[in-house]
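Got chain A; can you put chain B on it based on the hints?
Going down the list, the sequences are from chains A and B.
Each residue of the first sequence is one higher than the last, beginning at 6 in our numbering.
Each residue of the second sequence is one higher than the last, beginning at 83 in our numbering.
Don't take each hint at face value.
Here are some, though not all, of the chain A residues that point toward chain B, as calculated from beta-carbon distances under 7 Å [said to hold, decoys possible]: (1) Leu-89; (2) Thr-90; (3) Gln-104; (4) Val-105; (5) Asp-107; (6) Lys-112; (7) Ile-115.
If you are wondering where the hints come from, they were derived from the structure by calculation, not from laboratory data.
Glycine included, C-beta positions come from ideal geometry on N, C-alpha and C.
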Amino acid sequence: MNRSLLIICRQSPWSSLQAREMLDIALTGGAFDLPLALLFLDDAVLQLLPEQQPSLLQQKDLTANLQALPLFGIEQLYAARRSLTERGLDELSLGLPVQVLDDPELKQLISQYDQVITL
Amino acid sequence: MSTLHILSHSPFSDGRFSSCLPLLGDEDALLLSGDAVYALQPHTAPHQQLNTLTSSIALFALEEDVSARHLPAWPARVKLVDYPDFVALCCHYDRVNTWL
Numbered sequence: 006m007n008r009s010l011l012i013i014c015r016q017s018p019w020s021s022l023q024a025r026e027m028l029d030i031a032l033t034g035g036a037f038d039l040p041l042a043l044l045f046l047d048d049a050v051l052q053l054l055p056e057q058q059p060s061l062l063q064q065k066d067l068t069a070n071l072q073a074l075p076l077f078g079i080e081q082l083y084a085a086r087r088s089l090t091e092r093g094l095d096e097l098s099l100g101l102p103v104q105v106l107d108d109p110e111l112k113q114l115i116s117q118y119d120q121v122i123t124l
Numbered sequence: 083m084s085t086l087h088i089l090s091h092s093p094f095s096d097g098r099f100s101s102c103l104p105l106l107g108d109e110d111a112l113l114l115s116g117d118a119v120y121a122l123q124p125h126t127a128p129h130q131q132l133n134t135l136t137s138s139i140a141l142f143a144l145e146e147d148v149s150a151r152h153l154p155a156w157p158a159r160v161k162l163v164d165y166p167d168f169v170a171l172c173c174h175y176d177r178v179n180t181w182l
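Chain A extracted, bound-state conformation:
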């Protein structure tokens, strides 16, 4: 029985490679059928903005990787409501269908997984 894994990402999309590396971890886990979920916390919710143009920064688009998550069996996608609100983001206009959770629900979420990685 595989141990379940919650990946908590806190990184904004374009200032470093960490957001991409976190997605690589998630997609790799998905390819090996690990039961895993992804939580976008703090600046990571900025990854969810639609129609970003990273090519202007000579960077590859993360959107394709994000859209690939369900194809790799990663359907448990969550975002922190407080992080969205702090950054003025509307949960209805995000580029990826995520479940938005309040702090008490986030505590509950973390306690449901065998392992947690925060990056």
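Here is chain B on its own, set in the frame of chain A:
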């Protein structure tokens, strides 16, 4: 089902501390290591935030990091631990969430 959260960045220059606190469950624990022990500095906002956490949340700090920084005092509820204690804590809780 409880989680040991581990912080190692200064609460004054980094958002991990303030992001972590609202996610602490009632049975969870927080271990401060490295620059995160600066949260114990008296008369500061992080120190105040630690004191207002639910009393069921266990607080630990690595003694080596506290002593090295010569912090004058810490809240009574904070237990200073050494590295063997650190390992024991990691085994005691259901999962460890290190805020890398």
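**Asked** Failing hints, ascending?
**Response** When the structure is compared with the hints, numbers 1, 2, 3, 4 and 5 turn out to be violated.
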